[in-house]
Amino acid sequence: GAVVSQHPSWVICKSGTSVKIECRSLDFQATTMFWYRQFPKQSLMLMATSNEGSKATYEQGVEKDKFLINHASLTLSTLTVTSAHPEDSSFYICSVSWGAAEAFFGQGTRLTVV
Amino acid sequence: GNSVTQMEGPVTLSEEAFLTINCTYTATGYPSLFWYVQYPGEGLQLLLKATKADDKGSNKGFEATYRKETTSFHLEKGSVQVSDSAVYFCALNNNNDMRFGAGTRLTVKP
Numbered sequence: 001g002a003v004v005s006q007h008p009s010w011v012i013c014k015s016g017t018s019v020k021i022e023c024r025s026l027d028f029q030a031t032t033m034f035w036y037r038q039f040p041k042q043s044l045m046l047m048a049t050s051n052e053g054s055k056a057t058y059e060q061g062v063e064k065d066k067f068l069i070n071h072a073s074l075t076l077s078t079l080t081v082t083s084a085h086p087e088d089s090s091f092y093i094c095s096v097s098w099g100a101a102e103a104f105f106g107q108g109t110r111l112t113v114v
Numbered sequence: 001g002n003s004v005t006q007m008e009g010p011v012t013l014s015e016e017a018f019l020t021i022n023c024t025y026t027a028t029g030y031p032s033l034f035w036y037v038q039y040p041g042e043g044l045q046l047l048l049k050a051t052k053a054d055d056k057g058s059n060k061g062f063e064a065t066y067r068k069e070t071t072s073f074h075l076e077k078g079s080v081q082v083s084d085s086a087v088y089f090c091a092l093n094n095n096n097d098m099r100f101g102a103g104t105r106l107t108v109k110p
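Line by line, the protein sequences give chains A and B.
Take the first sequence: its position 112, counting from 1, is numbered 112 in the numbering used here, and each next residue is one higher.
Take the second sequence: its position 98, counting from 1, is numbered 98 in the numbering used here, and each next residue is one higher.
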């Protein structure tokens, strides 16, 4: 199956700064990648669908100007949390899937904003 | 639209007990169904899957059968271990529309 690598696995940043999270599909060319957010003891919340070479599709209620997604190549999508605040602290996970197959997940990024 | 409803937790069991976590779904067409497991601080790992009606997915002693007549995909294990403690997510994929249940936290005590 596809191997998905996410980096960094954890990051601490100061309030007001921006943080970039990378998601790489190591052995599969992914035209679509997905970004999720997970609060403690809660399920995954789909934030956006990242489309290679075009704009991401954001779920309702997700601020596109705050969570910038770039999918410049078939193997890399990035999520940038801009002007981060403590309420943005969360676990962010990316995934790759296609058709009706299973999704392959990155290991997740724990973001803490202080 | 597509959605997954999963039994709420948390679930606490003693070692060697029988486990059932209920999952039902709503979808048009013929989705693929999955169970994922998440250990603390990690991403999700595929536990098992079924791609058509009456398929049984199995792995590590866990089983789930794709029941189209009841739109269900319940997860079962005959004898749980402490190492099975994790959060379990039921999911479906319907033409690249992936949906997850709320997750069920399982704690197995020795």
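Just so you know, these hints were derived from the structure itself, not from any lab.
Here the structure is a predicted model, which is why all the values come from computation and not from measurement.
Heads up, a few of these hints could be off.
[Claimed, not checked] Below, computed lysine-lysine pairings styled on DSS-like, alpha-carbon distance capped at 30 Å:
id : chain 1 : residue 1 : chain 2 : residue 2
1  : B       : 109       : A       : 41
2  : A       : 55        : A       : 14
3  : B       : 77        : B       : 52
4  : A       : 55        : A       : 66
5  : A       : 41        : B       : 56
6  : A       : 64        : A       : 14
7  : A       : 55        : A       : 20
8  : A       : 66        : A       : 14
9  : B       : 60        : A       : 41
10 : A       : 41        : B       : 77
11 : B       : 56        : B       : 77
12 : A       : 64        : A       : 41
[Claimed, not checked] Coverage of chain A stretches by chain B, computed from C-beta distances (three or more under 8 Å per stretch; other residues unrestricted):
id : region
13 : 21-30
14 : 37-50
15 : 101-109
Yeah, the Cβ is synthetic: ideal placement off N, Cα and C, and Gly gets one too.
Going down the list of hints, with the structure as the test:
1. B:109 to A:41: With a Cα-Cα distance of about 19 Å, the restraint between residue 109 (chain B) and residue 41 (chain A) holds, given a limit of 30 Å.
2. A:55 to A:14: Measuring from Cα to Cα gives roughly 28 Å; hence the hint holds.
3. B:77 to B:52: 21 Å, holds
4. A:55 to A:66: 14 Å, holds
5. A:41 to B:56: 29 Å, holds
6. A:64 to A:14: At roughly 21 Å apart (the allowed maximum being 30 Å), residue 14 (chain A) and residue 64 (chain A) satisfy the hint.
7. A:55 to A:20: 17 Å, holds
8. A:66 to A:14: 16 Å, holds
9. B:60 to A:41: 24 Å, holds
10. A:41 to B:77: The given pair, whose Cα atoms are some 23 Å apart, holds under the 30 Å limit.
11. B:56 to B:77: Holds: residue 56 (chain B) and residue 77 (chain B) sit about 13 Å apart, inside 30 Å.
12. A:64 to A:41: 25 Å, holds
13. 21-30: Coverage by chain B is violated for the region 21-30 of chain A (0 residues, Cβ < 8 Å).
14. 37-50: holds (count 5)
15. 101-109: holds (count 8)
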